[in-house]
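Undergrad: This is what each chain is made of:
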Amino acid sequence: MPGMGNGLRANNPTIISAFESALLRQALVVAVILVLLAVAWRFLREARLRSGGGVLNGYSDDLGPEPAARRLLRYGFALLWLLDGFLQLQPDMALGMPSNVVQPAASTSPAWVQHLVNVGVTTWNNHPVQAATSAVWIQLGIGALLLAAPRGRWSRFAGLASVGWGLVVWVFGEAFGQIFAPGASWLFGAPGAVLLYVVAGLLIALPERVFSSRWLSRGWIALTGVYLLGWALLQAWPGRGFWVGAATAHHATGQLTSMASVMTTTPQPGVISRLVADFGQFDAHNAFAVNLFVVVVLAAVGLVFVSGYRRLLIPAIVAFGVVSLAVWIFIQDCGFFGGVGTDPNSMIPTVLLVVGGYLALTRVPQAAEATASVPMAPGLSWRERFSPAYAMRSLGALGAFGVVLLGAAPMAVASTSSRADPIIARAVAGSPDFVNYPAPLFRLTDQSGRVVSLSAFRGRVVVLSFLDPVCTSDCPLIAQEMRAADQLLGSDAVRAEFVAVVANPVFHSLADVDAFDRQESLTHLANWRYFTGTDAQLKTVWNDYSIQAVVEPGGSMIGHTELFYVIDPSGHTRYVLNSDPGPGNSSSKSSFAQLLASEVRALQSSS
Amino acid sequence: MIGKDSSRRARFALLALFAAPLGALGAATSSSGSASASENPPVSSFATSVSIGGTTYAAIPMGELGDQSNTFWQLFRLRAGSTHWQLATPPGIADNGGLVIEGGTPSALSVAIRPSQYLTFTAIATAGEHSSWSNGGLIPGALVGEPTTFVGTNSVAFAAVNTGGGAILRSKAGGLHWAKIASASSLTNVAAGACRVSSVQSLATGAGSSLYAGANCSSGDRAGVFEYVASSWREIGPKLSALGDHASRSVLLLSTSTRGLVAVIVTSSSSTTRLVTARSSSDAKAWETSPSMTLPSSASIISTGALGTSVVYVVWRNNGVFAAISRANGRWQMLPKLPQDAETVAVPPGSSAPIDALGGHRSTFFAWRLDPRTSHWQQTETINVPIIYGSSQ
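Going line by line, the protein sequences match chains A and B. Take the first sequence: its letter number 437 is residue 437 in the numbering used here, and every next letter is one higher. Take the second sequence: its letter number 72 is residue 1072 in the numbering used here, and every next letter is one higher.
Next comes chain B alone, as it looks inside the complex:
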């Protein structure tokens, strides 16, 4: 009896061994057929440039871009009247998570330093006189998430964060205490079927303490633009049904100009990605949309921003770096192909025509200026940035 049981066990074990190659075959074939169908985020980077008080700031990633712990975001500054960019990265904190430059109409630049590794909250640094930085408060990430965009005025700041599908926060106490004023679901309810909000992509401040929010709509026939006035929200986005039945519409950028709002909208389906600019009337009740520009479906948008008050730009990668700008007439205009290491574009203050392309390769920052006569990018500057590799590991 004992011998019989032992034999059964041995037989079973042998069969299990011989089944191993077939089990491995099953594992191999099932893994090869499980391609992910997840959507890419509309913007894969926080590289951007803004102009505040005559000074242009640009945030770009540098270091080893394939390794977050060795990617160090750098802030560069071009003062009004100067032709030289300067390194102006806020000190005292590791910025591997990314720098989010404050938009809106601030009097002084603030930068949100997104958390990385074990740090879970976002510190804010505010630029002062003589290249100094001061502690500008924080966004308690463990409670509300990490900011994807960030705007402020003298008295109030707003941040869009990525927790729970997205939310908008407001701070009235110098960036110390934040309260949620909208979530993706509450904005969806406000839109009443015109836009199913999946995340908040962009913010802009308007007159007084009004706020505009640009959202990513996973369904509906409108671009997700919302206005926040007197503690209540309303949906004001332009109708985009003429663009066809695209799966998602993202308002990548909102900018306020003297003539109204400017929105950069990307619509994407499985096969097509299109860029549209929408410009509103001063009361934001009527919209005028530009002709759309089709991007390759494999394009990855890496930067967007506003140049001055009426020009907006988008930079994307697709076997090279490309950029397009949309001027006041609304039509998208392709720029000459950017240098391979370019991450964003910027307009030097006080100059209307030349555009700078900015980027970095490991520890070297490059600035290229577009020569309007030859339509070529000329390298104008390099800065060696003292990156300490391995310091975030």
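Next comes chain A alone, as it looks inside the complex:
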């Protein structure tokens, strides 16, 4: 029936099943990579033993220690990427990511942001399974790459991979961390958690000798201070809704109270929900004090960082860590417990960057050591380059890069096509019924006033549907799908006929049919027929094709059965497919068109 709230839900079993199948197949490829690495490891280990080099124990002993700040970022953000990758495994991710994560994030941003984000949403919607699996493997791969490659060019490459994928996620997944939306706040996760991954990636991608330079050691913590001062200023700015809590006659509900209220409505564990709700209640009555506290902490910590006064750094970092933890639990619901969580939000990466800045300032490596410790750097001998330890690390990095490619390559190929995956149509309509019986014949009047019989289309494949010419929702979408399928057929369209029969007992005049054709730009289609007839004629055809057309009361449109019948060139019905267009977006329309075109081609080639 048209117009009965038929959107495609995130827990659609067809999509989830396809997502899990694809993940399983790709996991087998990852397993093969791991087996190859294990074999290589064993081979190298024995080669090392035979050559008298002892057991492999990593090459940090050979090349000197990695700068502490860099090591913290590398391990910290590697674990974050791995966690994010595992979060992408959630079954609802394939369909839920655009509708539950991306679009809400972009909804309050300016139009140009929404437009840009929509490009990514469309690509994801067109290929939900490829997109969701690619996010899993890219993020797991980057995490593994950061862990597997502690030093050298592979390691710096891992940093760049963090930057590249992080920017993609920041722009298309987080709508620029909502920094262009009104009400952006450090408390809510601005400027976007993944932008902090990007910053960390940039630092990891720097040559290691930079970690021994004065500008990095002092600049890192000082710029972090400027960053926090900026957020303190923004948090304190009057009129942005952070100084007020519950609504009164003079002002609307404050930003933080509203956010807490919204957060409690998202599905999440009861303990977390209660904590957030309780904090929301507290803020509703003490918003001024809460905001004052946040502003003072941000400003004080920021000032300490800017000053670089070492005696205060540890207390400032501890205070910042405690406040960040509180914000993470009470405001950000630990980041990933509410709704379709994709990352632990901004507090953990912020703390990692702050502590990294402290380590960069207080544990500056010796420049000579740092330079000597970089594998594949100019100066390494060929023996060092091809040592079993280095080779093993390189193989590990190569394996992790292979996992990244495993996700990126299918998505890159899929995104070059503007056509949506037919899986979406199958998810909406279910699988077609494969039948084989003579299609009931009819003689009706087409849009140009000619009486035509269905038998006139023998020798061609007929896609038959039943459309209400004054329908406001589904029928226009179904007609657009049929038109798109006709275009997809190209030269094969001459051996196909797209046919609709009016499904409205009140509005079925030729004028109605003509107006519908004009509305849907169908008038120029040579193989398009929209049939109507008298009440009795139409009722006979509806009965023959099991179509119900019910006059609904109370200002509703006609309720009618939505089916595609695909009839082969000999006049036999071969496929019966639910034509409910589902969400009716460009992806679902394109997907239905793909499915129809493929079924028409299958019947054309088999006849």
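Treat each hint with caution, since some may be false.
[To be verified] Distance condition first, Cα-Cα at most 25 Å in a straight line; then the derived DMTMM-like pairs of lysine to aspartate or glutamate:
1) B:1172 / A:517
2) A:539 / B:1129
3) A:539 / A:517
4) B:1239 / B:1227
5) B:1180 / A:517
6) B:1337 / B:1064
7) B:1239 / B:1283
[Unchecked claim] Derived contacts from chain B toward chain A, CB cut-off under 8 Å, selection only:
8) 1073
9) 1138
10) 1391
Keep in mind that the hints were calculated from the coordinates and are not lab data. All C-beta atoms in this analysis are idealised placements derived from N, C-alpha and C, irrespective of residue type, glycine included.
For this one, chain A is given, so just place chain B on it according to the hints.
TA: Relative to the frame of chain A, chain B by itself:
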């Protein structure tokens, strides 16, 4: 050299990150200062009532009024001699876009069902005997726009549409083929400076196949009333300079009576909204305007219509629902404050004094009758309308 470039890039990226909060501040402050100054339309609804052949019809919105896809317009009918309203919504088409009841002097009621969602043309349903409806043609919206008002006689129909600042269409072939007979710019030219037409608000048919059009004038010293006779237009509106320099003048309603035209005019500036009734002589050459009635500037007019041949009414919301009627003497008279859910008022046929207020709350239709003795609205009827929520999504 490579290291130096990398350092520059890293420094730039860090600076970009630290600038993010300030960028957000800029975005926040600029968005808070960009209040829209767009004007509200003179009438925000198509709720109205008309009497045709002794039967009174009323169109009101019901359902979830904040959500167009769950707002379902309903038509109610009160037959002559009956005291009970009946549901008479045209079937077979979703009417979330609104119902426009035909005005003028038709012999049978026609209703234009405005398009919504993916439907772009307007279907017309015509009432027949025994509560039946038939297909009454259509207005091809993709070409000409959606009707804001709609009148007809036995032989010809006219519609005002909202495309390109407004246009007037005429159909001679049973509502199938429509031709444009005026646009906002052509009427502005006809008015020769007396009225700069920004949209057409109202239509009324006169003797023969003559037509009167009421327009919204964004400048000029006259109310925009135009007469269409023998394929040519002339401006006949009353001069309103006595009302002061108001920014816009909208002829919300035109009605023809035996004594001439009746026009309901709203003049509005940034601070004041005023209602005026103008009544013309039978040849429409002389006008008599009523004393004006000032409405609160925040008032939102939700309904207007004619009760019989000489009484006109306006209903508005402003922390409550209010209505005023103007009788033959021209003076505006406030009615007692209407019930909160009221959308329009109507006069039962055959009765001169009592007035009904009509409205709905979700799926329930209410009729209240004004008791002239107590000046209170008494609820007289409720009808449960079988609205199928979600059916237009």
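Undergrad: For each hint, tell me whether it holds in the structure or not.
TA: Right, here's what the structure says about each hint:
no.	hint	in the structure
1	B:1172 / A:517	holds (23 Å)
2	A:539 / B:1129	holds (23 Å)
3	A:539 / A:517	holds (22 Å)
4	B:1239 / B:1227	holds (16 Å)
5	B:1180 / A:517	holds (22 Å)
6	B:1337 / B:1064	holds (23 Å)
7	B:1239 / B:1283	holds (16 Å)
8	1073	holds (6 Å)
9	1138	holds (5 Å)
10	1391	holds (4 Å)
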